[in-house]
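Protein chains in written order, with numbering that gives the first Met the number 0: chain A, 0 to 322; chain B, 0 to 120.
Be a bit skeptical, because a hint or two may be false.
Below, simulated DSS-like cross-link-like pairs (lysine-lysine); rule was C-alpha separation at most 30 Å, straight line [what the hints assert, rightly or not]:
{"id": "1", "chain 1": "A", "residue 1": "Lys63", "chain 2": "A", "residue 2": "Lys132"}
{"id": "2", "chain 1": "B", "residue 1": "Lys23", "chain 2": "A", "residue 2": "Lys292"}
{"id": "3", "chain 1": "A", "residue 1": "Lys292", "chain 2": "B", "residue 2": "Lys45"}
{"id": "4", "chain 1": "B", "residue 1": "Lys23", "chain 2": "B", "residue 2": "Lys45"}
{"id": "5", "chain 1": "A", "residue 1": "Lys215", "chain 2": "A", "residue 2": "Lys63"}
{"id": "6", "chain 1": "A", "residue 1": "Lys292", "chain 2": "B", "residue 2": "Lys70"}
{"id": "7", "chain 1": "B", "residue 1": "Lys23", "chain 2": "A", "residue 2": "Lys132"}
{"id": "8", "chain 1": "A", "residue 1": "Lys63", "chain 2": "B", "residue 2": "Lys45"}
{"id": "9", "chain 1": "A", "residue 1": "Lys306", "chain 2": "A", "residue 2": "Lys63"}
{"id": "10", "chain 1": "A", "residue 1": "Lys63", "chain 2": "B", "residue 2": "Lys23"}
{"id": "11", "chain 1": "A", "residue 1": "Lys292", "chain 2": "B", "residue 2": "Lys75"}
{"id": "12", "chain 1": "A", "residue 1": "Lys63", "chain 2": "B", "residue 2": "Lys75"}
{"id": "13", "chain 1": "B", "residue 1": "Lys104", "chain 2": "A", "residue 2": "Lys292"}
{"id": "14", "chain 1": "B", "residue 1": "Lys23", "chain 2": "B", "residue 2": "Lys104"}
{"id": "15", "chain 1": "A", "residue 1": "Lys215", "chain 2": "A", "residue 2": "Lys306"}
{"id": "16", "chain 1": "B", "residue 1": "Lys104", "chain 2": "B", "residue 2": "Lys45"}
{"id": "17", "chain 1": "B", "residue 1": "Lys45", "chain 2": "B", "residue 2": "Lys75"}
{"id": "18", "chain 1": "B", "residue 1": "Lys104", "chain 2": "B", "residue 2": "Lys70"}
{"id": "19", "chain 1": "B", "residue 1": "Lys75", "chain 2": "B", "residue 2": "Lys23"}
Honestly, the hints are just simulated from the structure, not real lab data.
Predicted model only: the values in this text are computed from it and were never measured.
Residues per chain are reported as follows:
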Amino acid sequence: MTLVTHEGRAVDVAPGETVLEALLRVGVNAPHSCRAGNCHSCMHRAIEGAPPPQSQSGLTDAQKAMGYFLPCICRPTTPLTILRPDDLGASLEAIVRAIDPLSDDIVRLRVEAADFAYRPGQFVELSAREDLKRHYSLASHPEEDPFLEMHIRLHQDGRMSRHLAEELHAGDSVHVAGPSGSCFYEGVHTDQPMLLIGAGTGLAPLYGVLRDALRKGHRGPIRLYHGARSRRGLYLSDELQTISNARDNFAYLPCAFDPAAPHGGDVAATALEAEQSISDAAIFLCGGENLVKRLKRELFMRGASLKNIRSDAFTPAVRSAAA
Amino acid sequence: MSSLYERLGGEGAVNAAVELFYRKVLADGRIAHFFDDVDMESQIAKQKAFLTMAFGGPNNYTGADMRNAHKRLVDKGLNDSHVDAVIENLNYTLRDLGVPETAVKEVAAIANSVRDDVLNR
């Protein structure tokens, strides 16, 4: 018998039995379809213990690094604690260190949480109150920064925005859960070209990924496109320009909406025109849902492998949702 | 005699074919619109499951899954002509990869055998 803990419930997996079979046997309504390790419908994530490598066959390097595996082909021999793929797990207390403006409508929130392990570029769920939770990407680096850094666009009438602008102060307590998301450097080869495209606060995860790549001695060319609605929205441009001046292999390519600029300054159109050889590149796409979907499909059609595309699409908070 | 799946090259052949196949499908104006709102990662995993089955590889195919997966699309007008287009793209994919014509026909026959499940009839 091997013990698997699923959503806090202990389930014994009999010798020769798969995790999916055990979950279904005890009445867990686990999604599944092909039962052959192909369709990924049953995918789960191990947060403690290592799933057998065979049970990660066909997954991307990023998914493997995050502990994802396929219960339908997983016959574990050591204990595992597993979660549904969208479950971020328990939350930790964090203390607000600073809230500073980065542009007209983007603020930088820094919070300190003890022992919060993450990869730069992943996202967390930030709970300011029990009924006020949002996902934000991390721009900080765990080995360089003693805080978690998030870039947050302030929306007029946004509940979290108002809370950040009016109620939250340094020293206050919040909660963070996670991390999650596959936008991180691990799994990229040091000589591989990297193409990073983001809009708005989609720069946050890309900034984390960039710093991690440089820190780990990335040698291939790195091209970062940042799109904004106006020049003032191109936050962190001084920092990125400084890195670009100091490094031969890093190019910073800001794009602000401007009727006089090529493609009107549209970041997706600008990047798609300039980036013609992408079949070997490690590609990171972060920003609004439409932008990410459009770029992913277009780059795939031009020969990029989906395995090499990592993305985070930001979705607006749903007003009525409990989250 | 070795199985169709072995002759094609097993999982490696599926991996070589799946993105090529998906690109052809998305570039085909007859059927591309059925894929507008799907998540590309989960879609490619499903394509892989389908190709593995069509290549005669290990699978636990159930018509029920295929029916459920396409029910919404049948309501939106999915019909025989679209299944024909998918099989045609599958044939082109295999020919691009240098698969012999006899094996192409075998794969097409297996793909064709799930037509009624896809079309929910």
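Open item on the list: Against the 30 Å threshold, does the CA-CA distance of Lys75/B and Lys23/B hold or violate the hint?
Closed with: 21 Å, holds
TODO: Could you grab the alpha-carbon distance between Lys104/B and Lys45/B and see if it respects the 30 Å cut-off?
DONE: 22 Å, holds
Open item on the list: Tell me if the straight-line CA distance from Lys23/B to Lys104/B falls inside 30 Å.
Closed with: 19 Å, holds
- [ ] Sort out whether Lys70/B lies within 30 Å of Lys292/A, counting only the CA atoms.
- [x] Holds. Lys292/A to Lys70/B sits at ~24 Å (cutoff 30 Å).
Open item on the list: Would the hint linking Lys292/A and Lys45/B be met if the CA-CA limit is 30 Å?
Closed with: Measuring from Cα to Cα gives roughly 18 Å; hence the hint holds.
Open item on the list: Against the 30 Å threshold, does the CA-CA distance of Lys215/A and Lys306/A hold or violate the hint?
Closed with: OK: Lys215/A and Lys306/A at ~21 Å, within 30 Å.
Task: Pair hint outcome, Lys63/A versus Lys75/B [Cα-Cα no greater than 30 Å] - done: Not satisfied, since the Cα-Cα distance of roughly 37 Å exceeds 30 Å.
Open item on the list: Checking one constraint from the list: CA of Lys104/B to CA of Lys70/B, max 30 Å. Satisfied?
Closed with: Answer holds: Lys104/B to Lys70/B is near 27 Å, not above 30 Å.
Task: Restraint check for Lys23/B with Lys292/A, where alpha carbons must lie at most 30 Å apart - done: 18 Å, holds
Open item on the list: Given the hinted pair Lys23/B and Lys132/A, is their Cα-Cα distance within 30 Å?
Closed with: 41 Å, violated
TODO: Take a quick look at whether Lys63/A and Lys132/A sit within 30 Å of each other, Cα to Cα.
DONE: 27 Å, holds
Task: Agreement of Lys104/B and Lys292/A with the hint, judged by alpha carbon distance not exceeding 30 Å - done: 35 Å, violated
Comparing the model with each numbered hint stated earlier shows that hints 7, 12 and 13 do not hold.
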